[in-house]
Amino acid sequence: MSKFRRFLESRGFINAASSILAIVVGLLVGLVILLVSNPSEAFRGLWVILQGGFGGGAKGVGQVLYFATPIIMTGLSVGFAFKTGLFNIGTPGQFIVGAFAAIYIGVKWTFLPGALHWIVALLGATVAGGLWALIPGIFKAFFNVNEVISSIMMNYIGMYGVNYLVKKNIYDSLKALSQNVAPTAVLPRAGLDKIFYNMTGANNVHDASTVNCGILIAIAMAIVVYIILNKTTFGYELKACGYNRHASRYAGINEKRNIVLSMVISGMLAGLGGGLLYLSGANGRRIKVVDVLAAEGFNGIPVALLGLSNPLGIIFSGLFISYITQGGNYLQRLDFVPEIIDIIIAAIIYCSALALIFKNLVVRLVGGKKKEAEDIAAEAGRAGMSGKGLLPPEETPETPEKELAADQEAETGKEE
Amino acid sequence: MDYIIEMLHITKQFPGIIANDDVTLQLRRGEIHALLGENGAGKSTLMSVLFGLYQPEKGTIFKNGQPVKIDDPNDANALGIGMVHQHFKLVHNFTVLENIILGVETTKRGFLKMDQARKKVVELSERYNLKVDPDARVSDITVGMQQRVEILKMLYRENEVLIFDEPTAVLTPQEIEELMKIMKELTREGKSILFITHKLNEIKQVADRCTVLRKGRCIGTVDVAGVSKEEMSEMMVGRKVNFIVEKSQAHPGEPALEVKGLTVNSSHGKKLVNNVSFTVHKGEIVCIAGIDGNGQSELVYALAGMLPADGGTVRLNGKDVTHASIRSRNDMGMSHIPEDRHKDGLILDYSLGENLVLKRYYKPQFQKGGFLKFKEVGRYADKLIERYDIRSGQGAATIARSMSGGNQQKAIIAREVDLNPELLLAVQPTRGLDVGAIEYIHKQLIAQRDAGKAVLLVSLELDEVMNVSDRILVIYEGEIVADLDPKAITIQELGLYMAGSQRRQAQ
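Note that the protein sequences, when read in sequence, are chains A and B.
Each residue of the first sequence is one higher than the one before, starting from 1 at the first, in this note's numbering.
Each residue of the second sequence is one higher than the one before, starting from 417 at the first, in this note's numbering.
Simulated from the structure, these hints should not be mistaken for lab results.
In this text the structure is predicted, and so the values were computed from the model without any measurement.
Honestly, I wouldn't trust all of these hints.
Stated by the list, open to error - The calculated SDA-like cross-link candidates involving lysine to any residue, where the alpha carbons are at most 25 Å apart (straight line), are:
id	chain 1	residue 1	chain 2	residue 2
1	B	K784	A	Q179
2	A	K256	B	F787
3	B	K474	A	L365
4	B	K791	A	N360
5	A	K256	B	F782
6	B	K759	A	V145
7	A	K256	B	G786
8	A	K168	A	V292
9	B	K759	A	N146
10	A	K256	B	D747
11	B	K663	B	P837
12	A	K256	B	S744
13	B	K686	A	F143
14	A	K231	B	P780
15	B	K759	A	N144
16	B	K799	B	A863
17	B	K791	A	K288
18	B	K784	A	N144
19	A	K288	A	L177
20	B	K779	A	F143
21	A	K231	B	F790
22	B	K903	B	G727
23	B	K779	A	Y226
24	A	K231	B	G911
25	B	K535	B	E594
26	A	K288	A	Q179
27	B	K789	A	I227
28	B	K799	B	L835
29	B	K687	A	R249
30	B	K597	B	T637
31	B	K676	B	D736
32	B	K779	A	T233
33	A	K256	B	Q783
34	A	K231	B	K791
35	B	K789	A	T233
36	B	K615	B	D549
37	B	K535	B	D549
38	B	K859	B	M651
39	B	K631	B	D747
Could you put together the complete structure from these sequences and hints?
Right, here's the structure in full:
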């Protein structure tokens, strides 16, 4: 076997290729929608999308990083839960609760010394997100209540609760937004504003991007999550519980505690994401008091799926989705209506989330053998996609042959 | 010769292994043809080729002398080939009748017309003596009954070649007897049967001829009447297998496990384990014998800490562990080979190496400051793999799910025995394994005993109970009804105790 062939069959290549293939298919679907809605501008539209953040100069790139930060965090949240056998669909709730805690501390706790203020606010966001996930975690571990249902309910409680609390405590009624946080609570720029800015006007004013050290924190968190999951005994236990609760219990692992911890950590990541997005300066995001679940929360799901739940993959998938979304914003220059843009972006993200299906395809193209596809499918199960919430629990066949046999019967659906 | 199915020179490869290497199998009309081989010898692959699940690289299949191509199970069905899988393919919340007609429903203007189907099913079940209530829900009937439903499914589709994939693995001894009768009945009615198994007794009992596979190769086809069990097992394993378990006299020492008045209730308050008291000493193998479902599982779960005890005490080496956690029991020297290796014994999506340290990963040997020492895990796994001869595709990195059942079981045994326990709980450790693996596991159990450890064995196989144990406790409806010496009783007597028609007070 040549070196090239070995590279083609390596797991890393297959993973990357399947994600990229998913993106390409998503872009093609996007092109079809562009063609339908505005044929004359369709190809220029696609180019604008492909240019993504670069369409807005250095500032645009900065904006990509700024908006990638929260979805990397929620992606980590969802991906972490997947890996430990849980489907945390409660990220919108955990995210907004974390955001509120951060803003509240940022606005009210001005007694804190400057260097500590934003750190405490981020900690507050993390704790709030964790507490929000604690409840579904406890229900799951002790009463076997499906975490999907209980965390969806927590989303609405979180959203309306935060709306109420913002109005009551930290509301800027002129702008109908949450108040600006104190300057000491704004995340440090870490020099990123010196890189990502555009020159505007005759006087060469620096029009800097909103980007701040949040993106660095998000990347650091991804690395931390990667290490926890893959290198520590704690991660070994958490994944064991995710794959097989019974065997973990049999091995003496406290599976109830681990389920609760998985949910809490997942919630903490989402809550921190809320803090990182909202602790920003003048032109950053504020909580709009509207009855809509935070999109950054749900976007964690496609980010996690596109990144195949690998924390390091999630950094890139988060950046990509943010990039493509920015590109979509620039589409308005070509007279595409905002709704169509949303549909196109949604279609691309939708296809991207199907990376796993493309993984099988890539394996077949490369290896041409069904058996390997099977291995990869098992590997995909390992990647956590068959977390209990997503797919029905599979049978545990005796041998790989039988497993394949069972699968193929399912495929043909006509055993008898 | 009148062959209904001929599979000539079949070769089927998977990456890394040749599952079938030039295998030839000829099935005569109206015979029961056994396919014998160790776990992973390629029996299931060969049958999957016949059933259209795999395409062979080489070889041809003939039906009634005509070459045929079987691309999927539909083709197989059209050719009259049916299969009863080891794990039944039934819809649990459907009735028996609904399951039988599933896929070939008789309809009238899109609505189900069950009357005819019901008539046919009732007719079939009477003709072949397969009594089963067509309106019972599958989830409510026993495993043996479910298997009858699978057989009826094949008969309803008028299959003439019936493949049984290890049909007896899930049955009780009584159900096995019934099945043997049914199989003979089927051949009298002109059906031809392929019977995959690794149990020699069953082959002797029903099969006419037997084809033996070893490591993917066809070792030969023999007339069952003309060969002995020993000869067949030698063909299968490639060496002589000792059916008699060799062991010296036991030398029981101090009590290792003392159980007093142990009671476990079901969630409805029924006593599943009822006031059970017994002692297992160091250096002896005590066997809990009984018909499945008489409280053995719950008893072991309570001993291992996986079910709470509702009364009584459990003492391990003199210390009260009745309410101790599972991990503290492990740390105090209790090992447990669980009944259900997929549910409890292994994390199938973890690698073999990760599974081998499942009960030790937190020990300083394998972790430092909360970080797993993967090198050490790998080294340890390689050691166990070599010592216990666990075979797998990629060594310690093999995903447990992709290993054969026998090697999965070996991995569990390696892990539990290597913990060097004071007490080893072994629940049906040889279920579903071939003779070679069974011999190996029995040797391991006896080696533990001879090293001065206590072994509590739970088994449904009477041969195993009689051969391996030093003392037999019979459990019936959650109570220990007898404490017997295996040398002083016969299998028949033991059977009477197990059926509850005799009891002798335990000590």
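Status of each hint after checking the structure:
1. B:K784 x A:Q179: violated, 47 Å
2. A:K256 x B:F787: The given pair, whose Cα atoms are some 22 Å apart, holds under the 25 Å limit.
3. B:K474 x A:L365: Given that 25 Å is the threshold and the Cα spacing comes to 23 Å, the pair holds.
4. B:K791 x A:N360: Violated - the C-alpha atoms of A:N360 and B:K791 are around 31 Å apart, more than 25 Å.
5. A:K256 x B:F782: holds, 24 Å
6. B:K759 x A:V145: With a Cα-Cα distance of about 21 Å, the restraint between B:K759 and A:V145 holds, given a limit of 25 Å.
7. A:K256 x B:G786: holds, 20 Å
8. A:K168 x A:V292: holds, 18 Å
9. B:K759 x A:N146: holds, 20 Å
10. A:K256 x B:D747: holds, 20 Å
11. B:K663 x B:P837: holds, 20 Å
12. A:K256 x B:S744: Holds. A:K256 to B:S744 sits at ~17 Å (cutoff 25 Å).
13. B:K686 x A:F143: It holds: about 22 Å lies between the C-alpha atoms, which stays within 25 Å.
14. A:K231 x B:P780: Given that 25 Å is the threshold and the Cα spacing comes to 15 Å, the pair holds.
15. B:K759 x A:N144: holds, 18 Å
16. B:K799 x B:A863: Roughly 19 Å between the alpha carbons, so the hint for B:K799 and B:A863 holds.
17. B:K791 x A:K288: Roughly 52 Å separates the two Cα atoms, so the pair is violated.
18. B:K784 x A:N144: violated, 34 Å
19. A:K288 x A:L177: Given pair A:K288, A:L177 holds - Cα atoms ~5 Å apart, limit 25 Å.
20. B:K779 x A:F143: violated, 31 Å
21. A:K231 x B:F790: Roughly 8 Å between the alpha carbons, so the hint for A:K231 and B:F790 holds.
22. B:K903 x B:G727: Outside the cut-off at roughly 33 Å; violated.
23. B:K779 x A:Y226: Satisfied, since the Cα-Cα distance of roughly 22 Å is no more than 25 Å.
24. A:K231 x B:G911: The given pair, whose Cα atoms are some 52 Å apart, is violated under the 25 Å limit.
25. B:K535 x B:E594: Holds, at about 24 Å.
26. A:K288 x A:Q179: holds, 10 Å
27. B:K789 x A:I227: Between B:K789 and A:I227 the Cα gap is close to 13 Å, so the pair holds against 25 Å.
28. B:K799 x B:L835: holds, 14 Å
29. B:K687 x A:R249: Since the Cα atoms of B:K687 and A:R249 sit roughly 24 Å apart, the hinted pair holds (cutoff 25 Å).
30. B:K597 x B:T637: Given pair B:K597, B:T637 holds - Cα atoms ~24 Å apart, limit 25 Å.
31. B:K676 x B:D736: holds, 11 Å
32. B:K779 x A:T233: holds, 10 Å
33. A:K256 x B:Q783: OK: A:K256 and B:Q783 at ~23 Å, within 25 Å.
34. A:K231 x B:K791: With Cα atoms ~12 Å apart, A:K231 and B:K791 stay inside 25 Å; holds.
35. B:K789 x A:T233: holds, 9 Å
36. B:K615 x B:D549: Violated, at about 30 Å.
37. B:K535 x B:D549: holds, 13 Å
38. B:K859 x B:M651: holds, 21 Å
39. B:K631 x B:D747: violated, 39 Å
Hint compliance for this structure: hints 1, 4, 17, 18, 20, 22, 24, 36 and 39 are not met, and every other hint is.
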